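**Q** Just need the whole structure built from these sequences, with the hints factored in.
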Amino acid sequence: MNSHSMLLCLLLAVAPAAAADTQDEAATLAIVTAGHWQSGQQQGIYRVRLENVGFEHVSCRVWIEWLSTAALAKPFATVAKLPLAEASDGFWSCPNRSGTVVLRDASLQLHLVHAYSHEPRLFNVVLGAPGHYQLQDGNEP
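Here the working numbering is used: position 49 in the sequence shown is 842, and no number is missing along the way.
Just so you know, the hints here were simulated from the structure itself, not pulled from any lab data. Predicted model only: the values in this text are computed from it and were never measured. Be a bit skeptical, because a hint or two may be false.
To be verified - Ranges between beta-carbon positions, derived for each pair:
#  : residue 1 : residue 2 : range
1  : Gln831    : Tyr909    : 36 to 42 Å
2  : Phe848    : His904    : 20 to 26 Å
3  : Pro913    : Ile824    : 19 to 25 Å
4  : Lys867    : Ser910    : 41 to 47 Å
5  : Val825    : Lys867    : 18 to 24 Å
6  : Ala823    : Asp898    : 16 to 22 Å
7  : Gly892    : Glu849    : 23 to 29 Å
8  : Arg890    : Glu849    : 35 to 41 Å
9  : His904    : Ile838    : 19 to 25 Å
10 : Ala823    : Gln929    : 28 to 34 Å
11 : Ala820    : Glu879    : 19 to 25 Å
Positions of the beta carbon are idealized from the N, C-alpha and C atoms, including for glycine.
**A** In structure tokens, the structure reads:
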């Protein structure tokens, strides 16, 4: 095998792995920081991050983060971070428009669209202490 053939084989062997890595890359659509939480002596604010994930079938991933505001001169520290499992299961799309995420106090509203049927759905979420949230009933648009 000459050097050109060997180089071509190496490129073909590496190319599928590189393509597979890009399929799960996330593109951040929105980051919203607001509200307030308190748990014992700890307190802080909430941050919600919406990401598009996937390549051929793009869906939404929603992250909820609890940030500590312990020291005024220091940057926020992440106390807890969870995906909103009910909206991050691969069946929901994040529309890229204003009003998709509404975060007030400890109340989160997400206006998402079903990835296959294109039906809208309103997710109402009550945020609590770090690592805790509750999806409310009656989440139809």
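**Q** Take the hints in turn and mark each one as holding or not.
**A** Now the hints, each set against the structure:
Remark: the range hint 36 to 42 Å for Gln831 to Tyr909 is upheld by a beta-carbon distance near 40 Å. Judged by the Cβ atoms, the range 20 to 26 Å given for Phe848 and His904 holds: they are separated by roughly 24 Å. A beta carbon spacing of about 22 Å between Pro913 and Ile824 agrees with the range 19 to 25 Å that was offered as a hint. Between Lys867 and Ser910 the beta carbon distance is about 46 Å. The supplied range of 41 to 47 Å therefore holds.
Look at Val825 against Lys867: about 22 Å separates their beta carbons, and that is inside 18 to 24 Å. The hinted window of 16 to 22 Å between Ala823 and Asp898 holds, with their beta carbons roughly 19 Å apart. Taken as a hint, the range 23 to 29 Å holds for the pair Gly892 and Glu849, whose Cβ atoms sit roughly 27 Å apart. Between Arg890 and Glu849 the beta carbon distance is about 23 Å. The supplied range of 35 to 41 Å is therefore violated.
The hint said 19 to 25 Å for the Cβ distance between His904 and Ile838, and at roughly 22 Å that hint holds. Range check, Ala823 to Gln929: Cβ separation about 21 Å, and the 28 to 34 Å hint is violated. About 21 Å separates the C-beta atoms of Ala820 and Glu879, a value consistent with the hinted range of 19 to 25 Å.
Taken one by one, the earlier hints fail for this structure at numbers 8 and 10, listed in ascending order.
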